[in-house]
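Chemist: These are the residues of each chain, in order.
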Amino acid sequence: MSYIDEGARKGILGWLLTTDHKRIGILYLVSMVALFFVAVTLGVLMRIEQLTLNPPMFSPKTYNAFFTVHGVIMIFMFVIPGLSTVFGNFLLPIMIGARDVSFPRLNLLSWYLFIAGTLIVIASLFTGKGAPDTGWTFYAPYSLQSGTNVALGVFGVFVMGFSSILTGLNFITTIHRLRAPGMTWYRMPLFAWSLYGTAWIQVLATPIVGITLLLVIAERIFGIGVFDPTKGGDPLLYQHLFWMYSHPAVYIMILPAMGAITEIIPTFAHKTIFGYRYIAYSSLAIAFLGSLVWGHHMFTSGMSEISNLVFSLLTFLVAVPSAIKVFNWTATLYKGSIEVKPPMLYALTFIFLFSIGGLTGLMQGALAVNSQVHDTYFIVGHFHYVMFGGTVMGFFAALLYWFPKMSGKTYNEKIADWALAPIFVGFNMLYFSMLVLGYMGMPRRYYTHLPQYHTGHIIASIGAFILASGVVLFFGNFVVALFKGKKAEQNPWGGVTLEWRVPTPPPLENFSEIPTITERPYIFNPEASQ
Amino acid sequence: MNSPVPAQPPIHAESHKDYEGGKLGMWLFLFTEILLFGGLFILYSAYRARYPLEFHEGGQHLNVIIGITNTVVLLTSSLTVALSIGAIRRGNRRMAIQCLSGTITLGAIFLVNKYIEWSGEIRHGLYPNSPILRKRPPGDQIFFGLYYSMTGLHGLHVLAGISLLSVMLALVIRKKITRDDFNKLENAGLYWHLVDVIWIFLLPLLYLAA
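From first to last, the protein sequence lines are chains W and D.
The C-terminal position of the first sequence is numbered 543 in our numbering, with every residue numbered one higher than the one before it.
The C-terminal position of the second sequence is numbered 304 in our numbering, with every residue numbered one higher than the one before it.
It should be emphasised that the hints constitute simulated quantities derived from the structure, not laboratory data.
A few of these clues could be false.
Claimed, not checked - Straight-line alpha carbon distances no greater than 30 Å define the calculated DSSO-like cross-link-like pairs of lysine-lysine that follow:
hint, chain 1, residue 1, chain 2, residue 2
1, W, LYS23, D, LYS111
2, D, LYS270, W, LYS23
3, W, LYS23, W, LYS74
4, W, LYS354, W, LYS497
5, W, LYS23, W, LYS499
6, W, LYS499, W, LYS427
To be verified - What the simulated footprint calls covered on chain D by chain W, stretch by stretch (three residues with Cβ under 8 Å from a Cβ of chain W suffice, anywhere in the stretch; the number is not a length):
hint, segment
7, 117-127
8, 130-143
Ideal placement from N, C-alpha and C gives every residue a C-beta, glycine not left out.
The whole structure should be built from the sequences, with the hints applied where relevant.
Modeler: Here you go:
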C-alpha cells in the first residue's frame, strides 16, 4: 500500500488534514503549479502590452498591477518556497532515512499559512482601491503613498513568511535529529545539504522582511513615520532592511535547485559526484556570503562610496562557491557514461542558463557597469536567467527526475525532450532580448517604449509565446501521465540514494525497517570503489 | 548498505517523542523572534545616531515609573514560570498551577500598566500622526513612531505569551503535563523568558535614553 492509497483519514480530508510529509509535498506541488500558471499568464499579458507602441493595449495602471502581481506570485509563492517545500518535504525524510519530519503537524500548518497568505494576496487584488502597483519590492516611499491596496497585499506576504520560517525550522531539526543510524553528515545526499543551508537562511533572514513589512502596514495605517521622509524617516533604510532579507532569499530560491541538479548529474553520468565536501561546504558558504551582499541592489541609491566598494567586493566573492558547484558538476560528467534522459537534459540546460545568469550578475557587481544598467531590462533579463533558467529549470529537472517516484506513473520521455525545444528557444529569445534592450537603455517597469526598442520587444514577445507554449506542453505531459501513464518501476533511472530503495510510490511510513547506512552516497560501482 | 535494524518504533506509536528535537525547534523559533525585533533595533540605532537630541528629549516624555514597575512585574513573572517548571519536575502540581496562574496574572498587570501609560501619552497628544507631533521636529516623530512600534509589538508578544501559558495551565490541570512529560511547559517558559529579555532591552533604549 503506497502513501497515495493509504492515509490516516479517507478521501479528501485524508489529504487536507494529513501530516504525512509526502502528501504535504503533493499539496504544495498542486497549489504551486496552479499559481505558477497564473503568474505565467500575467507575464504573457505584459509581453502583449509591449507588442504595440501606441495606443497601449492595457492602461499603464493595469500594467503596473501586472508586473507587481507577476512578481509577488512568482517570487513569494513559487520560486522561494518551490523546491524546498515540494521536493524537500517529499524527499528529505526519505533521503536521510526517517519516517517523517520532526514536526509533522507544524508542517501541515506551514501549508495552511502558505494558502492563507496566498488568499490574502489574491483578496488584495479585488478589494479596496485596486491591485497593488508598487512592484514586488514594495519600496518606500511609494508603497506608503500608493492609493492601491498595498497594506493587505503586504500582509499576505508577511503570513507567507511565517510559513517559510516554520518549514526551515522543521527541516533543520529534522536533519539534526532524525538521520538514520550511520547517516553521518558526510553520508547525507547533497540535496539534503542544500536544504540545510536553505533552511538556515529561511530562519535567519525571513524575520527581517517580516518586521519591515509590518512597519509598512503600520506606516500606512497609523503613519508612524519611520520610512516617511516628511516625518524624518529614511526610505533608504527600507531598502536596506528589505534586501537584508530579499537578497538571501535569492539563495533560498537557487540552493535547493542546485541540490536537485547535484542529485541528477551523478545518476545519469553513472559516476560518483566530484568533490562531495566542496559542494556541501559551498552550500553553506553561499548561505553565509549571500547574507552579506544585499547592498548591491542599492549601488545607485546614494549609499557611501565605501559601502559600494565593500558590497561590490562581497558580491564577487559570493560567485566563488556558485562557480565551485558548476565546476564540480562538469567534472562529474568528465569520463562518466552519460545517459541523456529528460531529467539530465533539463539539468544540463540549467547549467547553461544559470551560468549566463550568474555571469551577467557579476557584470552588475562591478560598480561602473552597474550605474549604467541599473533599473534597465538588463537586470530583468539577468534575474530571469537566474530565477527561471536556474530555479525553475531546476524545478523542471527535479520534477522529471522524481515524478515517477512521487506519482508511481511514468511520463512520455519523448514529449518531455521535445518540450525543451520551445522552452529553450523561447526563453533565450525573450530574456536575451531583454539583456540587449537593457544594454541599449530600455528602463524596466515602463508600460511602453521608444520606437528604437520596438524590434527587440517584438522578438521578446514572440519568444514569450513560444516559451509559454513549451511550458504548457511540459506540464500537459505530466497530466496525461497521471491518467494514462504506465506504472513506474522502483528505480527507473538507476539512482543510488535512499529514495530509490523504497517502493514506488513510497509506502506510508517510508521504510518497513529503518536502514543502517555504512557508506558514503553516490557509489555507482561498488566493486570498483573497493 | 541498508542492512535492516529494527531500532525505531513505528510512527504511530504515540510514545515516540523527541524532546531534544522539540527544544531545538523552539530555540530556532526564538532566534527568529530576536531577529524580528532586530529589525527594529537596527532602525532605532540608525535614527538615534541621526537624531540624538530628539531621542533624548522624547525619552523624557515617557513615564519612567510605569516603565520600571513593568520591568519588575515581568521579571517576577519570569521567576514564577521558572518555579512552575521546577514544581512540576518535583511532581508538585498544585504549586505549578499557582505559579503559572501568577505568571498569567502578572502578564495581565503588565498589559494594564501599558494601557494606562499609552492612554496617558495619547491624551497628551503624543501619538503617531498627531497634530502636536506633526509640528515638532522630525526626530520626535520618529522617536514616538519607534516607541509605539516597539512596545506595541512587544505587547502583542506578551498577549501571545499569556495565551500560550493559559493553554499550558489547562494542560497541567488536565494532567497532560506531568513530571514525566513537561517538555511543552518548558518550551512555553522559554518563550516567556524571551518576551522578558526583549523588554529588558526596550526599557533602557526608550525610557532611560533621556
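Chemist: Could you run down the list of hints and mark each one as holding or not?
Modeler: For each hint, the structure was consulted:
1. Taken as a hint, the LYS23 of chain W and LYS111 of chain D pair is honoured in the structure, with Cα atoms around 26 Å apart against an allowance of 30 Å.
2. Distance check on the hinted pair: LYS270 of chain D and LYS23 of chain W sit about 29 Å apart at the alpha-carbon level, within 30 Å; holds.
3. Among the hinted pairs, LYS23 of chain W with LYS74 of chain W is inconsistent with the structure: their alpha-carbon atoms are about 47 Å apart, more than 30 Å.
4. Of the pairs offered as hints, the one joining LYS354 of chain W and LYS497 of chain W holds, with about 20 Å between alpha carbons and a cut-off of 30 Å not exceeded.
5. Between LYS23 of chain W and LYS499 of chain W the CA atoms are separated by roughly 25 Å; this keeps the pair inside 30 Å, and the hint holds.
6. Taken as a hint, the LYS499 of chain W and LYS427 of chain W pair is honoured in the structure, with Cα atoms around 15 Å apart against an allowance of 30 Å.
7. Coverage of the segment 117-127 of chain D by chain W holds. Counting CB-CB distances below 8 Å, 7 residues qualify, and the rule asks for three or more.
8. With 9 residues having a beta carbon nearer than 8 Å to a beta carbon of chain W, the segment 130-143 of chain D meets the requirement of three or more and the stated coverage holds.
Violated hints amount to a single one, hint 3; each of the other numbered hints is respected by the structure.
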